[in-house]
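A.B. asks: Next come the chains, spelled out residue by residue.
Number of protein chains: 2
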Amino acid sequence: MDINYASIITIGDELLIGQVIDTNSAWMAQELNKIGIPVKHRLAVGDTWDDIWYALDEECKHASIILITGGLGPTSDDITKPLLCNYFGGRMVVDEETLAHVKNIFTNILKRPILDVNLKQAEVPDVCTVLKNEKGTAPGMLFKKNGKVFISLPGVPHEMKWIMTHVVLPLLPTLFKTTNIVHRTLLTAGIGESYLADLVKAEEAALPPFIKLAYLPNSGMVRLRLTASGEDKDLLTKELDTHFQAFKERVKEFLVIDEDLPIEVVVAEILKEKKATLATAESCTGGYIAHLLTSMPGASAYFKGTVVSYDNSIKTKVLQVPERILETVGAVSEETVKIMAESVREIMDTDYSIAVSGIMGPDGGTKEKPVGMVWIAIAKKGETIAKRFDFRYTRDRNIQLTGINALNMLRITICG
Amino acid sequence: MDINYASIITIGDELLIGQVIDTNSAWMAQELNKIGIPVKHRLAVGDTWDDIWYALDEECKHASIILITGGLGPTSDDITKPLLCNYFGGRMVVDEETLAHVKNIFTNILKRPILDVNLKQAEVPDVCTVLKNEKGTAPGMLFKKNGKVFISLPGVPHEMKWIMTHVVLPLLPTLFKTTNIVHRTLLTAGIGESYLADLVKAEEAALPPFIKLAYLPNSGMVRLRLTASGEDKDLLTKELDTHFQAFKERVKEFLVIDEDLPIEVVVAEILKEKKATLATAESCTGGYIAHLLTSMPGASAYFKGTVVSYDNSIKTKVLQVPERILETVGAVSEETVKIMAESVREIMDTDYSIAVSGIMGPDGGTKEKPVGMVWIAIAKKGETIAKRFDFRYTRDRNIQLTGINALNMLRITICG
Numbered sequence: 017m018d019i020n021y022a023s024i025i026t027i028g029d030e031l032l033i034g035q036v037i038d039t040n041s042a043w044m045a046q047e048l049n050k051i052g053i054p055v056k057h058r059l060a061v062g063d064t065w066d067d068i069w070y071a072l073d074e075e076c077k078h079a080s081i082i083l084i085t086g087g088l089g090p091t092s093d094d095i096t097k098p099l100l101c102n103y104f105g106g107r108m109v110v111d112e113e114t115l116a117h118v119k120n121i122f123t124n125i126l127k128r129p130i131l132d133v134n135l136k137q138a139e140v141p142d143v144c145t146v147l148k149n150e151k152g153t154a155p156g157m158l159f160k161k162n163g164k165v166f167i168s169l170p171g172v173p174h175e176m177k178w179i180m181t182h183v184v185l186p187l188l189p190t191l192f193k194t195t196n197i198v199h200r201t202l203l204t205a206g207i208g209e210s211y212l213a214d215l216v217k218a219e220e221a222a223l224p225p226f227i228k229l230a231y232l233p234n235s236g237m238v239r240l241r242l243t244a245s246g247e248d249k250d251l252l253t254k255e256l257d258t259h260f261q262a263f264k265e266r267v268k269e270f271l272v273i274d275e276d277l278p279i280e281v282v283v284a285e286i287l288k289e290k291k292a293t294l295a296t297a298e299s300c301t302g303g304y305i306a307h308l309l310t311s312m313p314g315a316s317a318y319f320k321g322t323v324v325s326y327d328n329s330i331k332t333k334v335l336q337v338p339e340r341i342l343e344t345v346g347a348v349s350e351e352t353v354k355i356m357a358e359s360v361r362e363i364m365d366t367d368y369s370i371a372v373s374g375i376m377g378p379d380g381g382t383k384e385k386p387v388g389m390v391w392i393a394i395a396k397k398g399e400t401i402a403k404r405f406d407f408r409y410t411r412d413r414n415i416q417l418t419g420i421n422a423l424n425m426l427r428i429t430i431c432g
Numbered sequence: 017m018d019i020n021y022a023s024i025i026t027i028g029d030e031l032l033i034g035q036v037i038d039t040n041s042a043w044m045a046q047e048l049n050k051i052g053i054p055v056k057h058r059l060a061v062g063d064t065w066d067d068i069w070y071a072l073d074e075e076c077k078h079a080s081i082i083l084i085t086g087g088l089g090p091t092s093d094d095i096t097k098p099l100l101c102n103y104f105g106g107r108m109v110v111d112e113e114t115l116a117h118v119k120n121i122f123t124n125i126l127k128r129p130i131l132d133v134n135l136k137q138a139e140v141p142d143v144c145t146v147l148k149n150e151k152g153t154a155p156g157m158l159f160k161k162n163g164k165v166f167i168s169l170p171g172v173p174h175e176m177k178w179i180m181t182h183v184v185l186p187l188l189p190t191l192f193k194t195t196n197i198v199h200r201t202l203l204t205a206g207i208g209e210s211y212l213a214d215l216v217k218a219e220e221a222a223l224p225p226f227i228k229l230a231y232l233p234n235s236g237m238v239r240l241r242l243t244a245s246g247e248d249k250d251l252l253t254k255e256l257d258t259h260f261q262a263f264k265e266r267v268k269e270f271l272v273i274d275e276d277l278p279i280e281v282v283v284a285e286i287l288k289e290k291k292a293t294l295a296t297a298e299s300c301t302g303g304y305i306a307h308l309l310t311s312m313p314g315a316s317a318y319f320k321g322t323v324v325s326y327d328n329s330i331k332t333k334v335l336q337v338p339e340r341i342l343e344t345v346g347a348v349s350e351e352t353v354k355i356m357a358e359s360v361r362e363i364m365d366t367d368y369s370i371a372v373s374g375i376m377g378p379d380g381g382t383k384e385k386p387v388g389m390v391w392i393a394i395a396k397k398g399e400t401i402a403k404r405f406d407f408r409y410t411r412d413r414n415i416q417l418t419g420i421n422a423l424n425m426l427r428i429t430i431c432g
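Going down the list, the protein sequences come from chains E and X. So our numbering is basically just the index in the first sequence, starting at one, shifted up by 16. So our numbering is basically just the index in the second sequence, starting at one, shifted up by 16.
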């Protein structure tokens with residue numbers, strides 16, 4: 017099978033000194049997969065002429081489509097555009113449509129004076145096809161050389177995404193033969209990666225060569241992914257689904273959902289389907305669970321609100337935890353977290369509530385209550401359950417694990 | 017100057033299909049920079065024998081130190097270890113120390129039966145130096161070839177970080193001559209990238225060749241970074257600081273802080289210094305601001321709590337916003353957000369409070385109140401101020417921008 021691969025080159029010293037995390041590449045890779053273009057490499061290089069030149073030379077050996085992000089800004093450290101002009105042997109000309117667009121942004125939207133460097137954004141190599149950027153001043157550019165396509169996009173995520181969605185993704189299948197790549201993912205909880213592998217070993221042995229199996233452990237859950245690729249989409253999907261069903265049946269005891277969705281999306285779907293509402297009372301997670309639940313559009317259908325009782329006085333005053341409980345068994349206890357859950361459910365008048373209280377570290381641990389110890393409670397009408405967890409990680413990971421496990425506990429409570 | 021570069025190779029199909037975002041590389045790059053080892057490339061490849069082999073062959077042409085993460089798990093999709101054994105011409109042997117460590121994890125910590133695949137984690141190529149992994153079962157491995165060093169680490173972030181911190185970072189300066197890399201960053205707000213560049217053009221022109229300037233626009237703020245590298249650390253730092261002072265003086269009107277810190281850290285430092293306390297009342301951000309503030313250790317010194325009033329009933333019941341205000345001017349209004357701020361400040365008994373209410377999208381916008389419209393209020397004793405913002409982005413970015421601008425508004429309120 018002759019596959020047209022893409023390679024993603026990201027440009028910027030900030031990527032090599034670790035000043036920013038590259039989220040662009042993951043999004044681009046997902047979208048390329050959807051239209052049947054697998055990604056061969058992701059390569060990050062600095063804002064250096066020779067390094068960018070090398071990346072272009074090298075990646076077109078491995079891929080048909082070379083996607084380049086970054087280095088298109090108006091400042092002197094942005095050298096991608098002159099380099100591409102040189103690389104493809106062109107000269108800089110003004111693109112009138114881009115110029116009108118840049119002027120419109122400054123005059124009518126930003127209402128600020130336009131500088132020379134802003135106007136320069138409308139200059140492009142005469143050997144490229146301009147890809148319109150409705151969200152910013154730097155246009156995308158498409159170059160062709162020896163049957164390969166090079167596409168340069170701005171590094172600002174929402175600008176890159178706009179050009180990808182509206183211009184690049186519709187265009188690529190008209191330029192290249194695409195392949196079929198189909199993924200199926202099972203999200204499991206309560207079983208480690210090696211036990212899961214042991215559990216599905218018969219199913220794994222039965223997989224044909226065109227279906228690849230992968231395990232992705234993360235935050236106490238393991239995703240098991242099957243990926244099929246090939247020419248005949250119908251046959252591929254049929255075969256994949258047969259094997260997927262076998263895996264699903266085998267892991268059913270640990271199955272959270274048979275889609276590649278984060279737990280907050282799973283919980284949101286369940287709540288919407290049951291027309292149930294939720295509130296949270298958060299101590300150690302400091303609003304993280306509420307943030308996860310409200311990251312999704314339409315959260316107001318099921319989510320009513322939160323009390324973050326970071327300080328003990330808020331636990332007493334707002335969440336009605338008696339002072340004597342805080343003084344005797346303390347804030348990180350089954351008693352406290354149950355009252356927190358019940359109080360917030362009553363205050364917010366919801367069907368369910370989540371409450372968490374724990375010690376996230378790095379300080380604040382004691383011998384009896386070490387860092388990573390967390391109590392999680394779920395309240396519903398007539399019943400409140402609580403469970404102790406012990407995480408042994410860094411603060412950010414302890415917060416994340418608490419949130420994910422609290423949502424999974426709610427899922428189990430609702431679905432049984 | 018003969019520089020010893022590092023290259024970071026990340027292995028995993030999940031990186032090429034965009035199923036996970038690579039946060040490891042950024043952290044590794046930061047830490048390598050601190051010890052004077054610049055990163056040349058970051059290359060992500062799939063779980064494929066030929067692609068990993070290629071990456072090793074290619075990257076040792078560009079770097080002295082090749083750091084490899086991923087593919088060391090106990091399951092069949094993890095092929096890094098046998099590949100490295102083959103690449104460096106070794107054979108697999110049991111490392112007794114690792115074996116004892118793996119057995120101890122299963123017997124004494126996880127208290128679960130140990131599987132054959134778990135025991136296999138203790139097998140390593142006999143041509144490597146084992147790097148102890150206290151946090152997991154897959155040890156790190158160090159190989160040497162033609163004066164280059166190859167280091168393989170697990171992809172699980174907290175395991176990778178432990179081995180890097182305790183083994184790799186102390187070791188590298190004993191194997192290679194390091195260079196001096198010094199960064200200085202100014203965080204600015206209220207000025208666009210191109211205007212900032214225009215403002216500092218005299219200072220930019222005065223920079224010597226060994227100091228590089230970069231602009232990093234993000235979330236309505238722009239970071240301006242100066243990076244110096246060279247042999248003589250004292251001279252380098254002295255020169256850099258002189259230029260940095262000139263830039264700082266020039267941008268003072270827009271300066272948030274003269275360090276590379278996120279705004280929540282800046283606000284936390286100010287609150288701690290002033291011994292002041294804070295509470296938040298969040299509608300559209302759904303706990304995001306509280307989450308930012310409690311991500312940092314020691315947050316309990318200044319942060320007391322939050323009411324997330326996602327549903328209007330919570331605004332009325334908990335935050336005392338009169339129903340008639342919600343009915344007349346609505347939840348997204350100056351009046352509502354001011355009352356929210358004042359109420360939460362009173363309930364939580366704090367020096368300052370932040371309140372936000374807006375429409376994050378994609379749905380819920382109207383002609384009068386479009387998606388991206390947000391009211392932010394800051395309350396302190398005797399005074400409450402509010403300001404309207406209009407963001408024009410996607411939901412997640414609108415939430416992020418609201419949070420960052422709210423924290424910056426608080427900063428300005430406190431510091432003047």
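Accuracy of the hints is not assured; some may be wrong.
Said to hold, decoys possible - In silico contact screen, one side only, chain E against chain X (beta carbon under 8 Å); selected entries:
{"no.": "1", "residue": "I19"}
{"no.": "2", "residue": "N20"}
{"no.": "3", "residue": "V61"}
To be verified - Just so you have them, the derived chain E footprint on chain X, three or more residues with Cβ under 8 Å:
{"no.": "4", "region": "234-247"}
{"no.": "5", "region": "353-366"}
{"no.": "6", "region": "394-405"}
Please keep in mind that the hints were generated in silico from the structure rather than gathered at the bench. Ideal Cβ placement from N, Cα and C applies to all residues, glycine included.
A.B. asks: Against each hint, give a clear statement of whether it holds in the structure.
C.D. replies: Evaluation of the provided hints:
{"no.": "1", "hint": "I19", "verdict": "12 Å, violated"}
{"no.": "2", "hint": "N20", "verdict": "14 Å, violated"}
{"no.": "3", "hint": "V61", "verdict": "6 Å, holds"}
{"no.": "4", "hint": "234-247", "verdict": "holds (count 4)"}
{"no.": "5", "hint": "353-366", "verdict": "holds (count 3)"}
{"no.": "6", "hint": "394-405", "verdict": "violated (count 0)"}
Comparing the model with each numbered hint stated earlier shows that hints 1, 2, 6 do not hold.
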